[in-house]
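Chains as they are written, first to last, in the working numbering: chain E, 1 to 209; chain H, 1001 to 1902.
Calculated from the structure, these hints are not laboratory results.
Among the hints, erroneous ones may be present.
Among chain E residues calculated to face chain H with C-beta under 7 angstroms, some are [as the list claims (entries may be wrong)]: (1) Lys112; (2) Ala115; (3) Gly141; (4) Asp156; (5) Arg158; (6) Ala160; (7) Leu184; (8) His188; (9) Thr199.
For every residue, glycine included, the Cβ atom is placed at its ideal position computed from N, Cα and C.
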Amino acid sequence: MFGAIVKRSPREKAPTGARMTRPSSVTQLLRDWREGQSDALDRLTPLVYDELRRLADRFMKRERPGHTLQATAIVHEAYERLTDMDIPWADRQHFFSIAARLMRRILVDHAKQRATNKRAGNVTVFELQDHDTEIADIGFGIVEIDQALNQLAAVDRRLADIVEVHYFAGLSPEETAATLGISLTTFHRELRTAKAWLTKTIRAALHDT
Amino acid sequence: MTPERWQEIRDAFHRVVESPPAERDAVLKTLCGADAELRREVEAMLASDADSDRHLRAAIGGAVAHVVEHQRTSLIGTLLGGYRVTGVLGHGGMGTVYLAERADRQFQQRVAIKLVEQMAVHPQLRTRLRAERQILANLEHPYIAHLIDGGENEAGIPYLVIEYIDGQPVDEYCRTRKLGIRARLQLFEKVCAAVDYAHRNLIVHRDLKPQNILVTADGTPKLLDFGIAKLLAPEPAAYTLAVTRLQDRLLTPEHAAPEQVLGRPITIATDVYALGVLLYQLLCDRSPYALHSSTLQGLERAICNEDPPRPSNLFRSGRARALLEAGGFDPQSAANERGTSVERLRRALAGDLDEIVLKAMRKEPEARYGTAALLAADLRRHLEGELVTARQGSGRYRAYTFVRRNAAAVALVSTVIVALAGFAGLMWSQQQQLKAQRDLADQERDRATQVSSFMVDIFSAADPFKAQGREFTASELLDRGAAKILADLNQQPEVRAQMLDSIGYAYQRQGNQDKAIPLLEQSLQIRRQAATGPTPLLVTSLRNLADALRMAGKAASAEGYYRQALAMSQELFGERDPRVADVMVGLGRLLYPNPAHIGEAEQLLENALAIYRDKLGPQDSEVASTLSDLGNLMLWKDDLASAEQYHRQALRIYQATVPRTHPDYAQTLGSLGYELMRRGSLTEAERMLNEALELKRQVFGNGSAQLSGVLQSLADLHDQRGELKEAMALESEALTISQHSAGERAVETGVFFDSLARLQWKAGMPEEARGNVLAALSIYAEKLPTDHPYVASSEQLLGEIHLASGDARAAIVPLRHSLDVCTRTYGAESWRTARAQSALGAALAATDNAAEAEPLLVVGYRTLRAQLGNDDERTQLARKRVLKFLTAQGRAAEADRVLANN
């Protein structure tokens, strides 16, 4: 909405109140994709991406920031807005897989953009002090997670998917397991492995720099 | 890293973490062998394994927060009007609020700029908005954030430039400063002053809530966000209305008044409501409809239909509290934050503050305080310990709901006009119930009209409300009504049933059961024929009939109807409905005089009390009446202290909520007087009993059954003072009344015969006493089972009278029976049993059965001494009997040993 107001708006926004996407089109695209139309995914992705962005931009969450709950809420809201109620289970899983990946991309792109702006010094940075502090405390951020996840995906795609769907789309263990077609036991074992490896790798990377 | 290498690492990690901690080193060694790098990798992962995923989550969450915040911050550094945006202050339903400063740097002035993004302004509206802004800008009040400027940006989105307030939302301020109730109220009064000032300038805030009321470090409240305030002046343009509705729908619903939810006109009463909600939050740290706020619809429904819990109820223990805690409310921390205890907080809120908050939050705008200033004034009165108007006002409000619930009873004590209003109300509510069952709205309207016009017919005689220059008494009105409805068979069945029920109920309340029962039976019969299953009307009929039967002493049939009513009402309304509680109370009242069922009765009454308190609030008249019943029950348990406590609680509620002439007030006064009399506080007791008697004479007339209980208590009181003559006179009046009202053969009449006999026996009039106690026993023989405690008590008295008149042999049979019943119903340790033992012992001793007499005399005496104390006259009589027995046996020397404790 601010896009209309501010001339140097970073991206073009949807007109206020209008829905860019009819739910049925996303539902249809999900079905097409399931039925093997490979270009369906290409058409689907921007729709989901835009909706996630739009939601993230306009998101007014009452909860304390700094929790994945916000990501969860955004993805679920996008799901509700973009799909029909009676979407088949398989398509629902696909949606969340896509949304998880896109959510991750949005977060990483934004963080990188922010870092660039900071270096360029062209923004009067007004940040939420509390989660900046928290992140400083942790010592790593979304960009480091993203890099480590890329490394993990290169050797073990399934583990990376588990992390993505569970953390970026906020699906519960049961939902994540179902979405990826694994057992709950496997989910827990693999998630544990992935967490340990990611944490280890990020720490090592930070230590090296 | 190659996939193969990763596979090794992963497998090794799995194997190690799945082995017991003690064996991990060994497993690791075996798996890695000489592969030091593999071992390093796995060990590093093991070191990270202990971590939770908190860091991962926090990093992802932080990134989301950055994205979310980004758009809001993108205006920073730009110019808006003459101001440079420097930061974001917050985001609300209407838009974002920015921090900004004067761009010309001539003054150091910080301002808040509110961009009203949601307002899709039509160009036509701009002129009007500008005019409204001008009016808002004229609001100059120390507690209102000043509107400095306003305009539209290049995209046509309006913005308001407002004085920047460096403060905390008022609720947070109160919490962080741990303000006590008084300080909170003082702060709230200032808020009221600001709102009142705006109202006098014809501006309604419409969205008062803690986030819009900031408090600065020096404790000054500042009201923000008159941005959506609207002029009270009439609006010609329809489009303004549409915008208004849109705005109202964007309100934080928790603070919305019913009229806002319903889209009805907004007035200053809407702000008064919001102030009520705010006060509620400040006092309780919880919003009034928190339990309903999980869904918007649930919340809106609750706002329109449900009474919020009384503030003090939130801090009450018990089931209601458990429910609140389950809902996330923590009374303990609320109390801690004020540096007080839950109980002290509850007591501080109960009474005035409950009433003030609830009055401000009434559903009907016209029932609230007329202005914010009146609300503030009432709080001031509370702080200064004066009588608050909310409580006087609540008397009126309650009177209305009371009328609705007890239409016929009110007819007895109030004017005919009130009764009419009551019937209308009663019909209205029943109409609603009927509506839910069947879609026969037209018929129901007809019925309501028929009932109303029927009542008007009764009440408007040729010379309305006057008969031979005096007002009709309630009884005359009822008789006219009954005659008319019985004669008029052309009424629709349900109309007829309704009127039979109402008039029957009125007779029942009047104590005239003989007239009540046939009417109520007819009503029940009509409704049974009409209904195929349980209906609320059937429950009403069953309950009213059961009540009348109970009052008439027909316990067995009453119990049957009560149990039907109870099952049916639970089926219809659920376990925790006040209408279920109504039946529980009736059944409880029926059961408690029976020692075998007193436990069940107590349970029923306690349950009913909890339901009433929960659903109707702690000051409700039903709560008071149930407390009163529990008091009566305690009397049957001989627990005078508890009885007095219950009755005092009940009396306090009545004093605060009903006029003195309310029948239940007089009733409770009578009971409390009785307990005080029994506990020996004769002066206070006499004052209360006399007041109760006077009120009852006034309300019910001289011959009413309602008088007999008080008369008897007064008789007891005089008896205690040794004034037997006065006592007997009062008791005789009670007896006469009972004979006329309850009936010659009513159980109640039997009780008065018994009491009079007891006095006569004491006064040394055994002949008169014997006649009266035999009269009592003959009534009981008809109406009560032989092992009823009343029978035992009268037989005991009869035995005593025989003893007093020297006929010990005649005493033995009734005393044996009495002892038998007492032992079975009260147990061996009861003073009643002991009294019977002692008397029987005396009778046996006088008939030369010393062997059986002695243990009875001694045990009876010892139990009486233990139960009633040495000085009680009954103990003294038993003592005399022991001494007399020992003396007659020539064993006077043993007296000390026998009388002493074992």
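These are the hints, each one checked on the structure:
For Lys112 (chain E), the suggested interface contact is broken, since its CB lies about 10 angstroms from the closest CB of chain H, more than 7 angstroms. With a least beta-carbon distance of about 11 angstroms to chain H, the hint placing Ala115 (chain E) at the interface is violated under the 7 angstroms criterion. At its closest, the beta carbon of Gly141 (chain E) sits 5 angstroms from a beta carbon of chain H; the interface hint therefore holds under the 7 angstroms criterion. Taking 7 angstroms as the C-beta contact cut-off toward chain H, the hint placing Asp156 (chain E) at the interface holds, the least distance being around 6 angstroms.
The interface hint given for Arg158 (chain E) is violated, since its Cβ lies 11 angstroms from the closest Cβ of chain H, which is over the 7 angstroms cut-off. A hinted interface residue such as Ala160 (chain E) counts as satisfied when its beta carbon comes closer than 7 angstroms to some beta carbon of chain H; here the least separation is about 12 angstroms, so the hint is violated. For Leu184 (chain E), the shortest C-beta to C-beta distance to chain H is roughly 16 angstroms, which exceeds 7 angstroms, and the interface hint is violated. At a threshold of 7 angstroms, the smallest CB-CB gap from His188 (chain E) to chain H is about 11 angstroms, leaving the interface hint violated.
Hint on Thr199 (chain E) holds. Least Cβ distance to chain H is approximately 4 angstroms, under the 7 angstroms limit.
Taken one by one, the earlier hints fail for this structure at numbers 1, 2, 5, 6, 7, 8, listed in ascending order.
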